[in-house]
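Got chain D; can you put chain G on it based on the hints?
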Amino acid sequence: MLSAITTLSSNAVLAKAHAMYGRRLTNENYTDLLACQTVGDVASYLKNRTAYSRTLAGINENTIHRGQLEFKLKQKLLDDYASLCRYEITVGERFSQYLIEHSEIDQILHSLLLLDAGKPEEYLFSMPGYLNRLTHIDLIALSHMKNFDDLLDALSNTPYRKILEPFKPEEGVPINYTGIEQALYTYRFSNIFEIIDKYTHGETKKQLREIFDSYVDLQNYVRIVRLRVSYQSDPEFIRGSLLPFGNLSPQTIDKMIEADTEKEITDVMSKTTIAKEYLKIGHAYIDEIPTLVNYFICRRNIRFSIHPSVVMMSYTFISQCELADIITIVEGVRYKLPPEEIAKLLIVYNYKRKE
Amino acid sequence: MSVIKIDVVSIIGRITDLDNVTALCGRSCVFHPDNALSFYSDTSDFSPLNEENPYLESLQLLTNTFTNTKKKLDLLSSDGFAKADLSAQNVDSRVKSIVDSFNDLQSQRADAQEKAQNYTQQIEDFSHFIGLNLKFDEINACKFIKVRFGSIPRESYEKLASYDENPYVVFFPCTSDETHYWGVYFSPIYMVSEIDRIFSSLYFEKTKLAELSDSPEISVENLRDKRDEEIRRIELLDEKFDELWESKKLECQEMYSWLTEQSVYFSIRRYAARYNDNFILTGWVPAEKESFFRNELNKIESIEYAFDGGQDELIHSPPIKLKNKKVFSPFEFFVDLYGLPSYDEVDPTPFVAITYMLLFGIMFADLGQGLVVSLIGWYMWNKMKIKLGRLLVPCGISSAVFGVLFGSVFGFENALDPLFKNVLGMSEKPIEVMKPATTSMVIYAAVGIGIMLVICAILMNINSALQRKNYENALFGPNGFAGLIFYGSLIVGFGGQLVFGWQLVTPAYILCFFILPLFSMFFKEVLGDLMAHKQHWKPEKWGDFIMQNFFEVFEYLLSFATNTMSFMRVGAFVLVHAGMMMVVFTLADMTSGIGYLLIVVIGNIFVMALEGLLVGIQVLRLEFYEMFGRFFDGEGRPFTPVVVHAEQ
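Order-wise, the sequence lines are chains D and G.
With the numbering used here applied, the first sequence corresponds to residues 1 to 355, in that order.
With the numbering used here applied, the second sequence corresponds to residues 1001 to 1648, in that order.
Hints listed in this document are in silico derivations from the structure and should not be mistaken for laboratory results.
Treat the hints loosely; a few may be bogus.
[To be verified] With beta-carbon atoms standing in for the labels, derived distance ranges:
hint, chain 1, residue 1, chain 2, residue 2, range
1, D, LYS206, G, LEU1388, 57 to 63 Å
2, G, ASN1222, D, HIS110, 42 to 48 Å
3, G, ASN1166, D, ASN176, 26 to 32 Å
4, D, GLU331, G, THR1063, 35 to 41 Å
5, G, ASN1050, D, GLU331, 40 to 46 Å
6, G, THR1179, D, PHE167, 38 to 44 Å
7, D, ARG54, G, LEU1236, 36 to 42 Å
8, G, ILE1602, D, ARG54, 29 to 35 Å
9, G, ASN1166, D, ASN191, 36 to 42 Å
10, G, ARG1154, D, LYS146, 25 to 31 Å
11, D, ASP287, G, GLN1089, 58 to 64 Å
12, D, GLU181, G, ASN1222, 52 to 58 Å
13, G, LYS1208, D, GLY58, 21 to 27 Å
[Stated by the list, open to error] Derived pair list, reagent style DSBU-like, types lysine-lysine, alpha-carbon separation capped at 30 Å:
hint, chain 1, residue 1, chain 2, residue 2
14, G, LYS1385, G, LYS1469
15, G, LYS1115, G, LYS1096
16, G, LYS1289, G, LYS1385
17, D, LYS168, G, LYS1159
18, G, LYS1321, G, LYS1469
19, D, LYS255, D, LYS276
20, G, LYS1070, G, LYS1538
21, G, LYS1206, D, LYS119
22, G, LYS1135, G, LYS1115
23, D, LYS74, G, LYS1206
24, G, LYS1208, D, LYS336
25, G, LYS1208, G, LYS1005
26, D, LYS119, G, LYS1159
27, G, LYS1096, G, LYS1071
28, D, LYS205, D, LYS276
29, D, LYS162, G, LYS1159
30, D, LYS76, G, LYS1159
31, D, LYS72, G, LYS1206
32, D, LYS76, G, LYS1206
33, D, LYS72, G, LYS1135
34, G, LYS1208, D, LYS72
35, D, LYS74, D, LYS255
36, D, LYS119, G, LYS1143
37, G, LYS1469, G, LYS1325
38, G, LYS1206, D, LYS336
39, D, LYS146, G, LYS1387
40, G, LYS1159, D, LYS74
Ideal Cβ positions, reconstructed from N, Cα and C, are used throughout, including at glycine.
Bound conformation, chain D alone (with noise of 0.2 Å):
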């Protein structure tokens, strides 16, 4: 009984995150709203001609803010996962809390930088309503902030409590915000992992864990290159901001961090097997070569993975992508970017146009 239901289950995500999935953006999408004038063109564009009209259909577009279009957007994506995740029964449970952490790290993220700049009390113009339904951080808490221990307080009954403990400050020293920001990384990709390897396992596991370490891997090559490149930190501190996850041997991340140019950084890295497979993607800039690639993988499986987890996860990281898309679009058009710079940040469209 408790197989069939499962099988169901399955059918249905797949079933449902493919037709999520054949509701993106397409090529003209992209075209026309790199077209648009103003953020309300933008924002008329999307409720009248895409599938985020439901979302947007509140909205007056000749006074929305680009602040609220963005949320508004963001919050779409939550709802998605959320939808996808409560079909997923098998391992729905765990995966829905990998959105919502993902979302929560920022929020502790962007409360620091404002601590930091001494301005804590404006976390509250930031924080985003449709998220204090869903995370177990006291939001209202965390925006009348004033010091580094009212944070610890906003973030009783977490996780997050106990990894940001150690990082509190001395009098007079500055907050520590890229090891929180370490910490926090670690502890999400931890806690991914650790379900993918309990709960899931044969091609499922392999294909999740592909998204993944692939993920991290190009992420830790592009961080050495630039803090190796243009910060010119020193190995240790370059071996300390690395997520300890993927599939780069220690030893090639030595020869890595030992090198001095971004090309011999590169000629390392492509002797490994991820870099022999996927660098030869086209990208404009080093920054987009993780998220370029997951998108490329991700695409991939949501087309020929059989597999529910895996396709649930790949929609939502090809919406990541997608959403991120809008906003640059969304900044570009509000701060009078031509177009043909908006598209040179675009991740899906210029994607499409390789093809």
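Just chain G, lined up with the frame of chain D:
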């Protein structure tokens, strides 16, 4: 062969005559142009004509002007604009002049519309502040305080309740709606940038109320007057537009028709080739229109032309126009869907018509439902001009005929019993589908029909291949004589043994009718090349050849089995139809009176819709996959003569 005979015509003349020739060809409505360069082997001295269409720009300008209006540009006949005195020299200026006058009105209208929308928005904004007894001149005169009127989203207003860091961040609401609060905030002048920044991050939208000199009420009234003025201006402009359209309508349509015609005729030029100061243009003309076309060409004395039969130009793939009897022509729709036959290929339309009607009728056998389907098809074609309707009429009639055979009328299996007993003197209806003995007969009969249709398809392939002089395929292919002998012998030998107890399958039988045909199929290419007296008949590598052909022959054998078994679905659908109606009546029997009637009616509608769709698709699948796959390539291209006016 049910395709119209077609001839190829080559026209040569001076380049200065090309316009007249293309116009003549276009006006004839029987000329299908083709790339002239492809008809000649040595084209080194030829060059293609890749000129820009000079009429396209004006045509685009004219059509774009009326795209978003309710005014439609109709195509007039050639007589309709003969007196318009249009030429390539004067048309551009005339189009520009007319388009400018229309565009001027449209831009004025767009401007008025934008202003009206702005006024509407301002009215809506200011309306939220009606009732405030404010003296804006005094407010604006404040030196130490800045006042900001505007709106803030509900969510942001609720967040403000929790904010107490800055005592000046206070919003005083006047009104609210579903999404926003409308009100005001104040700021001391030394903090105005900070307060403005905070409210901006709360998505505060400023309303220019403070810039007003009058009260909100008076301002709103003034705005309403201005908006009404713009609306009146829009109406006036619409009237002017209509008047202008009435006065210029004929001229616009004349220009539009002339430009469309010239543009279409000009497009024929790209098929022609240039040789010094001469041109050569090639195209296809139906054979029955040859004399008419000759008479047209004779009107231009300085050109020369030559006609050849389509069968002599098979290499250039003559375009195809199907021509079938009225009863078969609706099924051209399916042939078109798969692909048109090549010029020397057999037209499968009659075959499709007969087999489709037969199979549909068997699988959807019900007198009442068949007649309803026919009626629906008649309505679809005659009233709604849907092509599928033409197909449903004969299919429905076929279903009705088979429905009589199965004795079924809207699922009532015994409705026709009086006919059989009293009129035809039978003890019961001919076929009782749900009887256990009949069930297996139905399946066997379906397989039998399949065998016959497969053999028909093979025979058609042999005929077609022989006509095309493709002897390899006709004699040695799996759909040729070899395949026919193999398949036929298999059916006769084993089928005869099973059904009639014939002992035909002896070693000699196996050798002559199984092994030998298989051998022919295996060495099809070699035997074909030998027959054609080709020098290089041996394969390059025997090992590769044997390996490849082993799998190919295996595939042929498999396809014989699967194609035959596939026809079991015919029998299956007969049973499904009866079964579904049994379910309907089981449900109906649970009620009585009006409930019974309702369930029967709805059940019949449901079964007709669902099963009609399924049967239609399944029969099409059988046609395309099991039958067409054996004898039909469908690589022809359609005959599309240059025509300007659709009704021509």
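Tested hints:
1. D:LYS206 <-> G:LEU1388: 57 to 63 Å: This hint is violated: roughly 47 Å between Cβ atoms.
2. G:ASN1222 <-> D:HIS110: 42 to 48 Å: holds, 46 Å
3. G:ASN1166 <-> D:ASN176: 26 to 32 Å: For ASN1166 (chain G) and ASN176 (chain D) the Cβ distance comes to about 29 Å; the hint holds.
4. D:GLU331 <-> G:THR1063: 35 to 41 Å: The hint (35 to 41 Å, Cβ to Cβ) holds, given that GLU331 (chain D) and THR1063 (chain G) are roughly 38 Å apart.
5. G:ASN1050 <-> D:GLU331: 40 to 46 Å: With Cβ atoms ~44 Å apart, the hint holds.
6. G:THR1179 <-> D:PHE167: 38 to 44 Å: For PHE167 (chain D) against THR1179 (chain G), whose Cβ atoms are near 40 Å apart, the range 38 to 44 Å holds.
7. D:ARG54 <-> G:LEU1236: 36 to 42 Å: Between ARG54 (chain D) and LEU1236 (chain G), where Cβ atoms are some 40 Å apart, the hint holds.
8. G:ILE1602 <-> D:ARG54: 29 to 35 Å: About 33 Å separates the Cβ atoms of ILE1602 (chain G) and ARG54 (chain D), which means 29 to 35 Å holds.
9. G:ASN1166 <-> D:ASN191: 36 to 42 Å: Since the Cβ atoms of ASN1166 (chain G) and ASN191 (chain D) sit about 38 Å apart, the hinted range of 36 to 42 Å holds.
10. G:ARG1154 <-> D:LYS146: 25 to 31 Å: With Cβ atoms ~27 Å apart, the hint holds.
11. D:ASP287 <-> G:GLN1089: 58 to 64 Å: holds, 60 Å
12. D:GLU181 <-> G:ASN1222: 52 to 58 Å: The hint (52 to 58 Å, Cβ to Cβ) holds, given that GLU181 (chain D) and ASN1222 (chain G) are roughly 56 Å apart.
13. G:LYS1208 <-> D:GLY58: 21 to 27 Å: Cβ of LYS1208 (chain G) to Cβ of GLY58 (chain D): about 25 Å, so the range 21 to 27 Å holds.
14. G:LYS1385 <-> G:LYS1469: violated, 41 Å
15. G:LYS1115 <-> G:LYS1096: Within the cut-off at roughly 28 Å; holds.
16. G:LYS1289 <-> G:LYS1385: OK: LYS1289 (chain G) and LYS1385 (chain G) at ~29 Å, within 30 Å.
17. D:LYS168 <-> G:LYS1159: holds, 28 Å
18. G:LYS1321 <-> G:LYS1469: holds, 23 Å
19. D:LYS255 <-> D:LYS276: holds, 17 Å
20. G:LYS1070 <-> G:LYS1538: violated, 71 Å
21. G:LYS1206 <-> D:LYS119: Answer holds: LYS1206 (chain G) to LYS119 (chain D) is near 24 Å, not above 30 Å.
22. G:LYS1135 <-> G:LYS1115: Roughly 27 Å between the alpha carbons, so the hint for LYS1135 (chain G) and LYS1115 (chain G) holds.
23. D:LYS74 <-> G:LYS1206: Given pair LYS74 (chain D), LYS1206 (chain G) holds - Cα atoms ~26 Å apart, limit 30 Å.
24. G:LYS1208 <-> D:LYS336: holds, 24 Å
25. G:LYS1208 <-> G:LYS1005: At roughly 77 Å apart (the allowed maximum being 30 Å), LYS1005 (chain G) and LYS1208 (chain G) break the hint.
26. D:LYS119 <-> G:LYS1159: Roughly 16 Å between the alpha carbons, so the hint for LYS119 (chain D) and LYS1159 (chain G) holds.
27. G:LYS1096 <-> G:LYS1071: Given that 30 Å is the threshold and the Cα spacing comes to 18 Å, the pair holds.
28. D:LYS205 <-> D:LYS276: Distance ~22 Å between LYS205 (chain D) and LYS276 (chain D) Cα, so the pair holds.
29. D:LYS162 <-> G:LYS1159: OK: LYS162 (chain D) and LYS1159 (chain G) at ~28 Å, within 30 Å.
30. D:LYS76 <-> G:LYS1159: holds, 21 Å
31. D:LYS72 <-> G:LYS1206: holds, 22 Å
32. D:LYS76 <-> G:LYS1206: Judged against 30 Å, a Cα distance of about 28 Å means the pair holds.
33. D:LYS72 <-> G:LYS1135: violated, 39 Å
34. G:LYS1208 <-> D:LYS72: Holds, because 27 Å separates the two Cα atoms, which is no more than 30 Å.
35. D:LYS74 <-> D:LYS255: Cα-Cα ~39 Å, so violated.
36. D:LYS119 <-> G:LYS1143: holds, 29 Å
37. G:LYS1469 <-> G:LYS1325: Measuring from Cα to Cα gives roughly 27 Å; hence the hint holds.
38. G:LYS1206 <-> D:LYS336: Roughly 21 Å between the alpha carbons, so the hint for LYS1206 (chain G) and LYS336 (chain D) holds.
39. D:LYS146 <-> G:LYS1387: Status violated; Cα separation ~74 Å.
40. G:LYS1159 <-> D:LYS74: holds, 19 Å
Hints 1, 14, 20, 25, 33, 35, 39, counting from the list given before, are not met by this structure.
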